[in-house]
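Chains as they are written, first to last, in our numbering: chain H, 5 to 191; chain D, 5 to 191; chain B, 121 to 370; chain W, 121 to 370; chain C, 87 to 441; chain E, 87 to 441; chain X, 256 to 322; chain Y, 256 to 322.
There's no promise every hint is true.
Pairs of lysine-lysine, BS3-like flavour, derived with a Cα cap of 25 Å [as the list claims (entries may be wrong)]: (1) Y:Lys322 <-> W:Lys309; (2) X:Lys286 <-> B:Lys122; (3) W:Lys306 <-> W:Lys346; (4) Y:Lys286 <-> W:Lys365.
Pulled from the structure, derived: some chain W residues nowhere near chain Y, Cβ distances all over 12 Å [claimed, not checked]: (5) Val124; (6) Asp133; (7) Glu162; (8) Lys163; (9) Tyr179; (10) Gly259; (11) Gln260; (12) Gly272; (13) Gln273; (14) Glu288; (15) Asp299; (16) Glu320; (17) Val345; (18) Pro354.
In case anyone wonders, no lab produced these hints; they're calculated from the structure. Beta carbons are placed, not taken as given, at the ideal position from N, Cα and C, and that holds for glycine.
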Amino acid sequence: MNHDVIMAGFGGQGILMIGNLLAVSGLRQGLQVTFFPSYGVEMRGGTANCTVTLSDRAVGSPVTSRPFGVIAMNEPSVAKFGPRIRPGGVLVWNASLVGPDAFARDDIRSVGVRCNEIAEDLGNAKLASMVALGAYVAVTGVVDVARIGEALSEVLPEKAHKLIPLNLDAIEAGRAAADEPGGDGHG
Amino acid sequence: MNHDVIMAGFGGQGILMIGNLLAVSGLRQGLQVTFFPSYGVEMRGGTANCTVTLSDRAVGSPVTSRPFGVIAMNEPSVAKFGPRIRPGGVLVWNASLVGPDAFARDDIRSVGVRCNEIAEDLGNAKLASMVALGAYVAVTGVVDVARIGEALSEVLPEKAHKLIPLNLDAIEAGRAAADEPGGDGHG
Amino acid sequence: MKAVFTRPESLTDKPFHFCPGCHHGVIHRLVAEAIDHYGVREKTIGAASVGCSVFLYDYFDIDVVESPHGRAPAVATGIKRANPDRFVLLYQGDGDLAAIGTAEIIHAANRGENLTVVFVNNTVYGMTGGQMAPTTLLGQPTTTSPYGREFGQDGYPIKMTEMLAQLEGVGYAARVAVDTPARLAKARKAVFQAFETQVEEKGMGFVEILATCPTNWGLPPLEAVKRVETEMIPYFPLGVYKERKGKDFL
Amino acid sequence: MKAVFTRPESLTDKPFHFCPGCHHGVIHRLVAEAIDHYGVREKTIGAASVGCSVFLYDYFDIDVVESPHGRAPAVATGIKRANPDRFVLLYQGDGDLAAIGTAEIIHAANRGENLTVVFVNNTVYGMTGGQMAPTTLLGQPTTTSPYGREFGQDGYPIKMTEMLAQLEGVGYAARVAVDTPARLAKARKAVFQAFETQVEEKGMGFVEILATCPTNWGLPPLEAVKRVETEMIPYFPLGVYKERKGKDFL
Amino acid sequence: MAKTFEKGNVAIAKAAVAAGCKYYFGYPITPQSDIPEYLSGVLPSVGGQFVQAESEVASINMLLGAGATGKRAMTSSSSPGISLKQEGISYMAGSEVPGVIVNVQRSGPGLGGIAPSQGDYFQATRGGGHGDYRIFVLAPSSVQEMYDLTVLAFDLADQYRMPAMVLADAMLGMMKEPLDEWVPEPKAFDKGDWALGGASGRPGRRVKSLFLGDGELAEHNWRLAEKYREIREKAVRVDVQVPDGCELAVVAFGSAARIAKSAVDRANDEGRRVGLIRPITLWPFPTAEIREVAERGVPLLAVELNTGQMVEDVRLSSEGRSPVTFAGWPPGYLPSPDDVYGEIARRLAGGEKVA
Amino acid sequence: MAKTFEKGNVAIAKAAVAAGCKYYFGYPITPQSDIPEYLSGVLPSVGGQFVQAESEVASINMLLGAGATGKRAMTSSSSPGISLKQEGISYMAGSEVPGVIVNVQRSGPGLGGIAPSQGDYFQATRGGGHGDYRIFVLAPSSVQEMYDLTVLAFDLADQYRMPAMVLADAMLGMMKEPLDEWVPEPKAFDKGDWALGGASGRPGRRVKSLFLGDGELAEHNWRLAEKYREIREKAVRVDVQVPDGCELAVVAFGSAARIAKSAVDRANDEGRRVGLIRPITLWPFPTAEIREVAERGVPLLAVELNTGQMVEDVRLSSEGRSPVTFAGWPPGYLPSPDDVYGEIARRLAGGEKVA
Amino acid sequence: MAKLAIREERCKSCGICIEFCPENCLEIGDKLNAQGYRCVRLADPDACRACGICGRMCPDVVIEVWK
Amino acid sequence: MAKLAIREERCKSCGICIEFCPENCLEIGDKLNAQGYRCVRLADPDACRACGICGRMCPDVVIEVWK
Ligand SMILES: Cc1ncc(C[n+]2csc(CCOP(=O)(O)OP(=O)(O)O)c2C)c(N)n1
Ligand SMILES: Cc1ncc(C[n+]2csc(CCOP(=O)(O)OP(=O)(O)O)c2C)c(N)n1
Ligand code: SF4
Ligand code: SF4
Ligand code: SF4
Ligand code: SF4
């Protein structure tokens with residue numbers, strides 16, 4: 005197994021958080037993992053992205069030009085990373101900020117989720133990327149959802165542990181949205 | 005012809021001045037010349053020395069390990085440079101600050117001159133090295149004394165030109181001292 | 121219709137990359153207004169510095185040279201000495217000016233270089249992620265003073281305007297804020313004065329502007345704006361610290 | 121017989137390399153007397169600077185690390201932070217401290233490092249041959265201000281003691297001279313105070329000493345000594361600019 | 087202890103603490119600010135000191151001061167900041183003061199950007215400062231090595247009384263991998279004969295680089311040169327994976343070696359025989375080890391994240407024994423394993439004229 | 087005009103004025119302070135500006151500022167001061183700002199001393215600053231060349247929009263020789279399309295090295311690399327005196343070449359055949375020219391005032407075609423022609439094992 | 256009559272204009288712009304007397320004001 | 256009785272001690288030391304009251320004073 009996924013969006017959308025979370029989930033599942041962020045810390049208002057690689061062998065390059073999966077939280081990310089997905093791969097895109105006509109490919113599985121609205125419905129706009137992660141994990145099954153719960157308690161500082169249930173709700177909401185008819189594909 | 009001479013003494017004794025003067029004299033006599041000072045400008049209270057090379061061919065190295073001539077204005081300079089003189093060469097040493105037993109070699113011409121006293125007699129202690137130069141030029145004949153006069157007016161700033169006669173007196177006094185019986189040799 | 125407030129001309133149309141509620145945007149606009157007011161756009165050369173304002177060159181329709189972190193006053197000196205008839209503008213953050221660039225700003229000021237310096241003090245290193253600056257307030261936690269700035273360890277927050285105002289070479293020095301409409305109006309005047317000082321060749325025109333960095337303060341924009349008044353102004357008193365009337369220093 | 125005046129113990133027996141009439145020699149001796157007085161010779165680490173005093177390590181029988189030009193306050197910070205129980209001594213010239221080392225001295229002072237700084241102001245770069253320093257007086261010709269220092273070109277001579285005294289981290293700051301027996305006595309006291317400030321952990325102890333450089337002033341020793349009084353003291357007023365009584369800054 | 091999942095920068099910071107480093111002096115700069123950020127939280131609790139200096143120039147000089155007293159200390163920065171430290175590094179080397187310097191390289195020249203780069207290879211290995219000197223340059227290529235080589239850097243610095251640099255880059259600094267935070271055995275280095283601590287019961291001593299006596303500095307320089315020669319003989323580290331029959335060997339270090347590894351694996355999976363040489367010490371460079379491969383006639387391909395720097399050392403190792411080519415990606419575009427694979431394939435197809 | 091008798095440093099200063107340089111920014115340091123001293127007296131009278139900066143860091147940045155406006159400007163310093171300029175030099179190279187930088191090398195590492203040295207060869211030619219960049223490095227070997235190459239440095243800097251360094255040393259700076267102060271024809275360099283002067287009648291423009299767009303910085307770096315390649319092809323200067331039948335060729339630059347010349351002359355006077363190759367541009371290095379000699383099978387002896395730096399470039403030129411050996415004298419002892427002759431004689435007698 | 260031109264794509268929803276509007280006529284709207292911010296809008300056009308404070312206080316020069 | 260110890264080899268003939276001696280008992284002597292300076296000497300031993308000023312003012316710590 006060698007699963008590589010790029011997550012991308014605006015700085016501040018929580019991209020690095022979900023990347024880290026997925027990586028730790030993989031690690032706790034016994035996989036070899038790398039997490040590589042590419043974030044303009046010296047560049048406010050820019051875009052952020054990260055690459056997570058999960059493998060049953062030692063990971064060579066933590067970067068990839070043709071990932072299996074992409075989670076794209078805004079339009080520029082869809083445009084930039086969508087075309088790079090390997091045939092047969094997966095794109096989860098944020099239908100709150102990206103129009104349905106932004107991008108089309110027939111050789112991948114493309115899942116649009118209204119992450120912002122779902123997150124706001126859960127009461128916290130910052131959960132949008134968590135929703136996307138839920139959808140991605142549901143579609144790909146790359147890690148067990150249970151691992152994400154464990155990883156959350158490892159990744160979040162003690163005092164934020166009270167937020168774990170809410171995060172898990174967001175994951176679950178993402179899963180549900182991905183399963184919805186019409187949540188799949190370009191519509 | 006290839007004439008190289010090292011002049012050495014305390015910083016402030018006018019070593020670089022006489023080196024420069026000899027070099028310009030040579031230049032105006034139609035020779036190829038280099039002047040290379042080795043002076044601790046960043047080191048107060050140190051010693052100063054310079055090498056002057058006069059030649060009828062282009063000068064290669066401006067430094068020399070075995071000079072023809074040495075003008076040594078203090079004891080450390082005699083000790084350091086005296087032994088390096090090529091056989092048949094010339095040492096002019098300042099008998100005001102160096103004892104007669106400081107140094108002996110039979111294969112060179114060694115001329116002791118009481119430069120400080122002679123200079124003070126002329127009314128300016130700073131002329132000591134000029135006295136030594138006079139002795140050196142007299143002994144070696146490396147340049148015409150007339151050239152030194154010309155060189156002085158080139159080297160000294162306009163407003164110091166009134167001092168030229170005094171400098172020439174010092175040169176002359178040096179020449180005279182070198183000619184004195186007993187001025188020559190180790191005594 | 122009469123324009124009450126419109127975008128100044130020397131600002132390009134590019135949207136600012138600053139975080140929500142960041143005062144860099146307001147200050148950029150004030151500077152652009154001053155450029156317009158003094159009609160110097162076509163003769164201005166900016167010396168950009170490194171910090172969240174590094175993209176200055178994207179926002180001002182002027183000539184700009186990028187300076188190494190902290191060295192804008194030296195770069196500007198080079199520009200102005202070689203081009204005394206040009207208008208030279210500096211825009212520096214507190215990490216840039218009060219830490220790494222301390223020697224450069226003090227000596228440019230002391231030499232009396234005719235330069236206009238806009239100094240944005242937001243008590244942190246913004247661009248690099250909120251590390252402690254020389255201006256960080258006592259007790260303020262930052263990513264490199266996680267337990268809060270403590271005098272015994274880190275020293276007191278430094279007051280650059282007071283220090284520079286002492287130097288003969290400085291023609292104008294003031295500290296202002298842009299957190300309320302009233303203070304904003306004063307800040308605008310101060311920025312204009314700092315321009316005028318250069319125009320009239322009275323030495324360095326220096327204005328320190330207290331500013332928010334909501335992101336690195338970990339505060340929502342409106343709370344960040346309030347902090348300017350509740351915590352910054354008490355330690356960094358506002359006011360004009362120096363104003364030379366004539367060329368009396370010459 | 122009773123000793124009226126003898127060579128202090130922590131001076132080695134090596135003759136000074138300084139030029140005739142140079143005040144570095146007197147100041148070295150005062151510092152040695154302070155080392156003896158406070159009994160800190162065996163726990164002192166000196167941070168030597170670059171200038172005519174670079175051979176400090178030959179003259180004081182103490183441990184010494186050589187610092188790059190201007191950086192002694194940073195070197196000393198490293199020493200003191202890693203060895204808070206040692207006594208750390210700095211000796212810097214005006215080129216070293218007031219030009220290239222401006223940022224280092226200001227920030228060491230602002231951080232309140234417990235250091236003793238002896239600052240020798242002779243209005244020129246001595247060791248390198250008499251170039252203009254930030255402290256060179258207006259009108260004073262040097263090898264790089266051949267027509268005399270001129271404000272419009274070179275700025276005003278900078279007053280470091282006044283600037284540093286403002287910083288909270290400084291426990292003691294004074295300017296003294298050693299040109300007459302009376303002033304020498306005061307200078308000795310000030311050097312002692314600068315030592316005591318470190319011993320008592322009150323922050324930086326700083327003493328600026330006006331000094332001759334006969335060689336680069338182009339003056340015979342006695343005339344150089346007179347210039348201290350006639351030209352330097354009027355511009356650089358002597359006095360204690362700051363004296364913290366307790367650890368009241370903590 | 088179970089492996090943690092850690093950022094490369096944090097691994098360096100943790101390794102420093104584990105190696106007994108109590109003093110850190112630095113100035114913020116992306117992409118290495120995690121190091122000071124981590125240490126500002128931790129050092130006070132181990133009786134150490136974290137000082138945020140006013141600049142990189144000040145930081146390196148603080149390191150010089152602390153190091154001169156024999157204490158383990160560290161500074162870290164990234165490319166432009168490292169340029170500012172060059173005078174200080176030269177002083178440390180000249181005065182034989184140990185200390186660890188971390189460079190998490192970013193893009194250059196100038197302000198450049200914050201993306202991964204290996205543009206500072208020359209600066210690190212040839213001495214960006216003035217004069218004849220060398221410093222250790224260690225090139226980690228995983229988060230674990232960020233830790234391990236930092237520990238090693240402290241030991242080498244103390245053993246040889248000289249600065250040791252950990253040369254990482256934005257990729258290694260920012261990426262996370264599982265990390266085994268082992269605790270090194272404290273090694274005893276006797277500093278009693280040179281470190282400063284006050285002239286108690288002995289004459290004052292000095293740590294310096296100024297030597298004005300006749301021939302003294304030449305002697306000092308030769309002594310340093312001799313030390314460097316000894317290090318070249320004893321301290322080289324390199325990972326050579328060039329089995330017999332290789333058609334090509336890639337030479338790469340740090341993050342380029344990570345990317346190259348995937349490309350080499352792919353080539354081998356496809357039935358070609360391609361080796362990989364990964365210098366771990368960049369100075370001392372594994373000249374003899376590479377020469378040995380060159381002597382076997384294996385063509386060498388240097389892969390770097392720049393326009394060609396280490397390739398000179400590869401050429402100097404081969405000195406004509408086997409052809410050396412170069413493939414480079416300067417910062418601003420991070421090559422993928424496919425990019426590197428493409429270059430390998432071109433070489434194997436004979437498509438690249440060798441210089 | 088009759089030849090004057092001039093110090094090397096002053097020759098540089100006079101050449102700068104002759105080349106139309108009106109702006110000088112510097113900080114005193116031995117052994118180059120004659121340059122600022124001379125220019126502080128002269129520049130005001132030609133309508134220029136002399137600024138004594140607060141430091142070397144400030145000086146290089148002033149140069150960056152003046153250069154960005156297209157004006158001819160210069161800074162000078164010596165080894166430790168040049169180390170402090172490395173960040174600024176990297177910025178100038180990255181932003182493609184012309185300017186002349188003089189390094190009158192002194193002894194290192196660290197404070198070292200003020201004696202002649204060639205210890206900064208690597209720093210100058212490999213870039214002591216961060217990132218992939220190169221600067222012109224011109225190595226005069228007489229007072230006349232101090233003048234001539236300074237004039238050339240201004241032209242090259244303007245032509246290629248990059249910094250040009252004159253790499254001298256304490257010997258060349260302090261020695262005096264006859265000097266022909268020729269007045270160069272003013273060359274016209276069109277800076278209208280990049281220099282800053284106020285955005286009058288055109289949009290604002292920028293001089294910068296920060297490139298954050300996708301692939302933008304990589305492209306910028308490749309463009310620089312291409313410029314450097316072109317320079318390597320077109321701008322090499324070298325003095326090759328290796329007649330047929332030579333048993334050995336000495337490679338030396340700057341003051342080492344002066345000393346070597348006397349030694350080579352002596353060997354030839356004594357009936358041996360020894361050549362001399364004197365690189366005048368150290369970057370671009372005369373690789374092809376030296377390779378040509380190596381291809382003729384002539385053994386090469388690199389002579390330097392350090393423990394071995396340029397010799398690497400000689401090896402890279404030969405790449406095994408002919409044996410390369412090294413003889414060096416680090417600062418603190420200035421070799422005489424006899425010393426160099428001794429090394430030549432040893433080689434001729436076959437006494438030196440070649441690496 | 257007052258006219259406010261709000262460049263919605265630039266609004267970052269910081270709320271500063273709302274806070275300082277003396278007539279309380281601004282509010283955060285519902286629409287997400289492409290950056291993901293809900294943009295400010297003029298809730299009470301009649302109350303607006305075109306003082307320009309919102310425009311001046313806005314860090315992003317989102318609002319222009321005419322009268 | 257006063258005792259002055261003058262380390263002649265170190266004297267640089269600057270004259271500072273002479274200038275500040277309140278009893279005017281010092282003068283520049285005739286002897287050149289190895290550095291080429293004419294060293295100071297106690298011209299009027301009886302006038303000296305061992306105040307120590309010469310020693311303290313001398314930049315080169317040439318003179319030590321006992322009483
Ligand atoms: C030589 C160097 N050191 C450090 C940095 C990293 N750096 C970039 S911006 C910055 C400080 C920014 O803070 P400030 O000047 O206060 O501006 P702000 O971002 O807060 O507006 C730093 C340390 C750099 N680019 N160059
Ligand atoms: C980085 C660097 N720049 C410049 C120098 C040259 N330098 C040595 S000492 C000195 C200044 C000396 O002046 P000052 O500090 O006033 O001390 P003084 O000699 O007058 O006592 C300078 C510029 C140096 N050694 N290193
Ligand atoms: S990090 Fe701070 S200073 Fe920078 S843009 Fe954001 S709020 Fe403004
Ligand atoms: S040059 Fe000046 S400061 Fe230096 S020793 Fe001589 S008199 Fe003293
Ligand atoms: S102040 Fe500007 S950015 Fe903030 S909410 Fe109002 S319009 Fe939007
Ligand atoms: S003060 Fe000292 S050096 Fe000067 S004359 Fe007197 S004894 Fe000699």
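Verification of the hints:
{"no.": "1", "hint": "Y:Lys322 <-> W:Lys309", "in the structure": "holds, 24 Å"}
{"no.": "2", "hint": "X:Lys286 <-> B:Lys122", "in the structure": "violated, 29 Å"}
{"no.": "3", "hint": "W:Lys306 <-> W:Lys346", "in the structure": "holds, 18 Å"}
{"no.": "4", "hint": "Y:Lys286 <-> W:Lys365", "in the structure": "violated, 52 Å"}
{"no.": "5", "hint": "Val124", "in the structure": "violated, 4 Å"}
{"no.": "6", "hint": "Asp133", "in the structure": "violated, 10 Å"}
{"no.": "7", "hint": "Glu162", "in the structure": "holds, 22 Å"}
{"no.": "8", "hint": "Lys163", "in the structure": "holds, 24 Å"}
{"no.": "9", "hint": "Tyr179", "in the structure": "violated, 10 Å"}
{"no.": "10", "hint": "Gly259", "in the structure": "holds, 26 Å"}
{"no.": "11", "hint": "Gln260", "in the structure": "holds, 22 Å"}
{"no.": "12", "hint": "Gly272", "in the structure": "holds, 36 Å"}
{"no.": "13", "hint": "Gln273", "in the structure": "holds, 33 Å"}
{"no.": "14", "hint": "Glu288", "in the structure": "holds, 35 Å"}
{"no.": "15", "hint": "Asp299", "in the structure": "violated, 9 Å"}
{"no.": "16", "hint": "Glu320", "in the structure": "holds, 27 Å"}
{"no.": "17", "hint": "Val345", "in the structure": "violated, 6 Å"}
{"no.": "18", "hint": "Pro354", "in the structure": "holds, 21 Å"}
The structure fails to meet hints 2, 4, 5, 6, 9, 15, 17 from the earlier list, while all remaining hints are met.
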